[in-house]
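S.K.: Chain by chain, the residues run as shown.
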Amino acid sequence: MKIIESIVDLFTSLKLTVFCLVAAIVLVFVGTLAQVDLGLYQAQEKYFRSLFVYWSPGESELQIPILPGGYLLGFVLLLNLIGAHLKRFQFSSKKAGIFIIHAGLIILLLGQFFTEVFQVESAMRLTEGQTKNYSENQRNTELVVVTSGEETDRVISFHQKMLKSHIMIEHPELPFKIKINQWIPNSIIAERGPNAPPATRGLGLSYDVHGVPLTYKMDERNVPSAIVELIGDEGSLGTWLVSFYFDRLQTVEYEGKEYKIGLRLIRYYKPYTMHLIDFRHDKYMGTDIPKNFSSRVRVRNPETEEDKEVLIYMNNPLRYEGETYYQAGFDENDDRVTILQVVRNPSWLVPYISCILVSLGLIVQFGFHFNKFLRKRKA
Amino acid sequence: MALSLAFVGCDQNGVRVYEVPKEEQAPPAPAAAANPHGDNPHMGGMASLPKLTWTLPEGWSELPSAGIQAANFSINNPDGQASRLTVVPLPDLMADEKEIVNLWRESLSLPPATDETLPGMSEPTDIAGKEGKLYRFSAELGAIHVAVVKHAGVTWFFKMRGDMGHMDSELDSFKSFLTSVDFTAAPTPPAGGMTGMATSPGSASSSGNPNWTVPAGWNEEAPGPMLSASFGVSGSSGQSAKITVSALGGNAGGLLPNINRWCGQIGIAPITEGDLDSVVSPLELSSGSAQLVELNNESQSQTMVVAIVPVGARTWFYKMLGDTALVSEQRAPFLEFVKSAGQ
Chain A
1 MKIIESIVDL FTSLKLTVFC LVAAIVLVFV GTLAQVDLGL YQAQEKYFRS LFVYWSPGES
61 ELQIPILPGG YLLGFVLLLN LIGAHLKRFQ FSSKKAGIFI IHAGLIILLL GQFFTEVFQV
121 ESAMRLTEGQ TKNYSENQRN TELVVVTSGE ETDRVISFHQ KMLKSHIMIE HPELPFKIKI
181 NQWIPNSIIA ERGPNAPPAT RGLGLSYDVH GVPLTYKMDE RNVPSAIVEL IGDEGSLGTW
241 LVSFYFDRLQ TVEYEGKEYK IGLRLIRYYK PYTMHLIDFR HDKYMGTDIP KNFSSRVRVR
301 NPETEEDKEV LIYMNNPLRY EGETYYQAGF DENDDRVTIL QVVRNPSWLV PYISCILVSL
361 GLIVQFGFHF NKFLRKRKA
Chain B
1 MALSLAFVGC DQNGVRVYEV PKEEQAPPAP AAAANPHGDN PHMGGMASLP KLTWTLPEGW
61 SELPSAGIQA ANFSINNPDG QASRLTVVPL PDLMADEKEI VNLWRESLSL PPATDETLPG
121 MSEPTDIAGK EGKLYRFSAE LGAIHVAVVK HAGVTWFFKM RGDMGHMDSE LDSFKSFLTS
181 VDFTAAPTPP AGGMTGMATS PGSASSSGNP NWTVPAGWNE EAPGPMLSAS FGVSGSSGQS
241 AKITVSALGG NAGGLLPNIN RWCGQIGIAP ITEGDLDSVV SPLELSSGSA QLVELNNESQ
301 SQTMVVAIVP VGARTWFYKM LGDTALVSEQ RAPFLEFVKS AGQ
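Chains as they are written, first to last, in the working numbering: chain A, 1 to 379; chain B, 1 to 343.
Among the hints, erroneous ones may be present.
[Unchecked claim] Below, in silico cross-link-like pairs of lysine to aspartate or glutamate (EDC-like), each with a Cα-Cα straight-line distance of 20 Å or less: (1) B/K22 to A/E173; (2) B/K150 to B/E97; (3) A/K308 to A/D278; (4) B/K22 to A/E258; (5) B/K242 to B/E336; (6) B/K22 to A/E253; (7) A/K257 to B/E19.
[Stated by the list, open to error] Simulated restraints, written as ranges between beta carbons of each label pair: (8) A/E61 to B/G288: 56 to 62 Å; (9) B/P282 to A/D335: 51 to 57 Å; (10) B/E336 to A/T304: 52 to 58 Å; (11) B/K150 to A/E45: 29 to 35 Å; (12) A/E150 to B/G217: 22 to 28 Å; (13) A/D335 to B/N297: 51 to 57 Å; (14) A/L62 to B/M164: 49 to 55 Å.
Read the hints as simulated data drawn from the structure, not as lab findings. All C-beta atoms in this analysis are idealised placements derived from N, C-alpha and C, irrespective of residue type, glycine included.
In isolation and in its complexed conformation, chain A is listed as follows:
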């Protein structure tokens, strides 16, 4: 029982709250500095989307936890907040404001957790006159095998996280297995010299692939390539070089059927289409600094029979079917191209609710004390 009491005391103590807040300050500080070397995305993954921050001495593979990560701190802080409430606070009208404030904070922490778990970010790139029904993940790729039907394509997609050198992947719908002979997380493609081709079929006959160091820069992305071997019942069907460099899938014929394979950015298909009618990109006179940019799009949804025109511009996103389309960018080489950031966040309302609750709590609490002060003064 004493052990349980000790644990309860620990998780409900104010010291733990202070420790978590100080650790959070340190974490934000070192995590911000780490962006210099790691870039925003990697720094977020390492410091904030983790239970612990690890350090490896030299080039060893040993990983030593040196700081609590963002997930751990958030979880402990949430437990601490709820625990302290249950243990210490007793409801009274005098403390109603404090209750509301803390409820707001708990909802904020939970909301952040749900955002981390459920939010999906992608981008939709549209040229004027173009229609699309999918957006693309800007970080991760998928190995796809596509078969064509009369009106539809059937896509079997393997997420980048499954693709490592020397592993075998298979799917019940595919008559062959896919062996990843080589996974190159960042690569360049060059025309083949006199050396042997990297693959025995497809584009790999004409191109060489070279691995290059991973990049963490904000304005660059890693471009993976892979040498994949298809293995049917009778043995190897050959090897293919697949890469995000190639803008089209490669055709494989097997058992009288045509399959298309390739590596591409992960796609998120929608049950509606977006058509770019017009893209405007104004700059401040004499500079390249964007002044205003906007996209007039047509949204067509056959399920709801909607067909509407919408103007998306900075600070005026389109919220549609649970997704938010922000005017995010443009193509410096083509003024007809807009880039929309697409965010699906089922818990997007939570921060608003939380802020309202905290504000309400502050008004109630200060109002109560102000009222008390006025009454004393009157007396």
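Use these hints to put chain B onto chain A, whose structure you have.
M.R.: Chain B alone, transformed into the frame defined by chain A:
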């Protein structure tokens, strides 16, 4: 566009299965994966490339570009095999200049460049009115001249490879070609035969196809990926055959592996080196000799005829596959078609 979108499976350990409407033709100027590294991931998508025009020197001819090439040229060499020039836009890699230079040197079996030797390996050159760098390497294996210039966040590589003596004699033409390049010209078709326009990397340029004569009764179809052209033909009894044309680099993997791949496609056993004479025959064309491969699956009544035509540093494949009776009937028109290409 049909909009029925049916997700029939969902994320199971990273595997998704779904059905989507068939993709429409490529969107306007998608520009392929020209600069996949250099794009800001927070800005989405891949950067478009500017349109490229040039003036071709005497003796140069444009070939279909493939993969990541923006353009591809053959440079006639009266004494031997043609040299080749390719234009490739790649990520902004000048920071890794040494790494790239060593790729070229490695392909010629030259020792790698060091930080000390690298600066002396290039000379300034004019490319599209900008100052670029020209690297020239030669060895027993041949010679490589590469001109490099940055434009709008993309590094463009103009790489010419061939015989050492021929490369030296073409140096002035190469430099005048580089000067004639224009990154910003409007994408209008060239007026004459001496200028060209870059195709989207990865696309088989229909304008780059030979001027063949399509036999009567053949219906042109949309070429699939990696195909330069595709045709269908039907027989009077409902039989069908498909004719495809594609071009690949080098010998495209070799004769025997390709034949055995085709054997698999029509369902017959692979052959050995000793059997080659029974399925391969010479094919005389106006420009030189080619090879004709004929494969037959009697049990399934399927026949494949393939003409293999080497042109410069590439190999063109003219392939007819279909019902045996129809393929026999179309054999003569097929050969006429191949000959009409004038390769």
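S.K.: For A/D335 and B/N297, compare the CB-CB distance with the range 51 to 57 Å and indicate the outcome.
M.R.: For A/D335 and B/N297 the Cβ distance comes to about 55 Å; the hint holds.
S.K.: Quick one: are B/K150 and A/E45 within 29 to 35 Å, going by C-beta?
M.R.: 31 Å, holds
S.K.: That 22 to 28 Å hint for A/E150 and B/G217 (C-beta), does it hold up?
M.R.: Holds: the Cβ-Cβ distance is about 25 Å, inside 22 to 28 Å.
S.K.: Is the hinted pair A/K308 and A/D278 satisfied, with a Cα-Cα distance of at most 20 Å?
M.R.: 14 Å, holds
S.K.: Take the C-beta atom of B/E336 and the C-beta atom of A/T304, compute their distance, and say whether it sits inside 52 to 58 Å.
M.R.: 56 Å, holds
S.K.: Would the hint linking B/K22 and A/E173 be met if the CA-CA limit is 20 Å?
M.R.: Holds. B/K22 to A/E173 sits at ~19 Å (cutoff 20 Å).
S.K.: Is the straight-line distance between the alpha-carbon of B/K150 and that of B/E97 20 Å or less?
M.R.: Cα-Cα ~12 Å, so holds.
S.K.: Is the distance from the Cβ of B/P282 to the Cβ of A/D335 consistent with 51 to 57 Å?
M.R.: 54 Å, holds
S.K.: Are A/E61 and B/G288 spaced within 56 to 62 Å by their CB atoms?
M.R.: 58 Å, holds
S.K.: Using the beta carbons of A/L62 and B/M164, state whether their distance is inside 49 to 55 Å or not.
M.R.: Roughly 52 Å apart at Cβ, these two residues keep to the hinted range, so it holds.
S.K.: Going straight from one Cα to the other, do A/K257 and B/E19 come out at no more than 20 Å?
M.R.: Cα-Cα ~17 Å, so holds.
S.K.: Need the status of pair B/K22, A/E253: alpha-carbon distance at most 20 Å?
M.R.: 19 Å, holds
Violation of the numbered hints given earlier is absent; every hint is satisfied by the structure.
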